[in-house]
Amino acid sequence: MVGVQALPSLRLAVNLNAVVRFRVSVAEAVAAVVADDVAHHVVDPDDLLGLDPLQASPLAAALPVLAARELDHWVLALPSPGTPGPLRGPVALNRAALATGEVVLASGGGVALVPHPVGPGVQWRVHAAERPFSPLSPYDAERALGETVLSAADALTRLDVGGGSRPRLRDVISLPPGYSARQQSAADRAARLLLACEAALTSDGSAITSYEAEVRARELRRLRSAAADALCAAASWMG
Numbered sequence: 054m055v056g057v058q059a060l061p062s063l064r065l066a067v068n069l070n071a072v073v074r075f076r077v078s079v080a081e082a083v084a085a086v087v088a089d090d091v092a093h094h095v096v097d098p099d100d101l102l103g104l105d106p107l108q109a110s111p112l113a114a115a116l117p118v119l120a121a122r123e124l125d126h127w128v129l130a131l132p133s134p135g136t137p138g139p140l141r142g143p144v145a146l147n148r149a150a151l152a153t154g155e156v157v158l159a160s161g162g163g164v165a166l167v168p169h170p171v172g173p174g175v176q177w178r179v180h181a182a183e184r185p186f187s188p189l190s191p192y193d194a195e196r197a198l199g200e201t202v203l204s205a206a207d208a209l210t211r212l213d214v215g216g217g218s219r220p221r222l223r224d225v226i227s228l229p230p231g232y233s234a235r236q237q238s239a240a241d242r243a244a245r246l247l248l249a250c251e252a253a254l255t256s257d258g259s260a261i262t263s264y265e266a267e268v269r270a271r272e273l274r275r276l277r278s279a280a281a282d283a284l285c286a287a288a289s290w291m292g
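For what it's worth, our numbering labels the leading residue of the sequence shown as 54, then goes sequentially.
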């Protein structure tokens, strides 16, 4: 992961939620989702949204359809092997989401979107989806992350194996209007921890024995999972 803003699902989820709550226009949301990419398109091969199933539709044409499809909220998920998050299937969706590590789901079920980089752009593939489990509330996710930070820090300090390079945070998360200052702060903190864990897991740090390396990796994965949950909670619940 180069940067959290490289996660197109984060941008799509928060801006869809802002459109649903009438806090930004469709044009503003599309611009924020595309960001520095060349273009975003949506493919709907199973005709789940009523888009042309034979060709990719520009995001500007698909986003209003998505916003009308789910009037409550959209859920961000960052699944990883063994940690599927809110995903409840079907199998095709779970496999696609796990392969990319990100997905946006309609909270009422029915559809989900999985991003696929295509050159300098992104192609969103529409999948059928069961109604997802509700993500943690921002409060519960923040509390769980705080507890995980403390316990992981204690374990890593006792082993003295926490070393690793610090990631360069070139991207800043900017949640759209409608999200509170607390959610913005929570998203920033979660993103920083998520990136730090991703960077730290690329090496064994200062671990000397295989046991130390195993414990270090386990604690970092646990912290990464809690950070992902907190980021998803901040993005999925507006206000």
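Keep in mind that the hints were calculated from the coordinates and are not lab data.
If you're wondering where the values come from, they're calculated on a predicted model, not measured in any experiment.
A portion of the hints provided could be inaccurate.
DEER-style ranges, computed between Cβ atoms [what the hints assert, rightly or not]:
hint: 1; residue 1: G142; residue 2: E267; range: 40 to 48 Å
hint: 2; residue 1: G163; residue 2: Y264; range: 41 to 49 Å
hint: 3; residue 1: Y264; residue 2: L107; range: 17 to 25 Å
hint: 4; residue 1: P143; residue 2: T255; range: 31 to 39 Å
hint: 5; residue 1: R148; residue 2: Y192; range: 18 to 26 Å
hint: 6; residue 1: V144; residue 2: S233; range: 34 to 42 Å
hint: 7; residue 1: G135; residue 2: T210; range: 47 to 55 Å
hint: 8; residue 1: A88; residue 2: T255; range: 56 to 64 Å
hint: 9; residue 1: A252; residue 2: P137; range: 20 to 28 Å
hint: 10; residue 1: G135; residue 2: Q108; range: 16 to 24 Å
hint: 11; residue 1: L203; residue 2: A80; range: 20 to 28 Å
Every residue, glycine too, gets a C-beta built ideally from N, C-alpha and C.
Consistency of the hints with the structure:
The beta-carbon spacing between G142 and E267, approximately 32 Å, falls outside the hinted interval of 40 to 48 Å. With their beta carbons about 47 Å apart, G163 and Y264 fall inside the hinted range of 41 to 49 Å. As the Cβ distance of Y264 to L107 is approximately 56 Å, the hint placing it in 17 to 25 Å is violated. Distance hint check for P143 and T255: the Cβ-Cβ separation is about 33 Å, which falls inside the suggested range of 31 to 39 Å.
Checked against the hint of 18 to 26 Å, the pair R148 and Y192 fails, with Cβ atoms roughly 32 Å apart. The given range of 34 to 42 Å is respected by V144 and S233, whose C-beta atoms sit roughly 37 Å from each other. Taken as a hint, the range 47 to 55 Å is violated for the pair G135 and T210, whose Cβ atoms sit roughly 26 Å apart. Remark: the range hint 56 to 64 Å for A88 to T255 is contradicted by a beta-carbon distance near 25 Å.
For the hinted restraint 20 to 28 Å between A252 and P137, the CB-CB distance of approximately 24 Å keeps it satisfied. With their beta carbons about 37 Å apart, G135 and Q108 fall outside the hinted range of 16 to 24 Å. Taken as a hint, the range 20 to 28 Å is violated for the pair L203 and A80, whose Cβ atoms sit roughly 44 Å apart.
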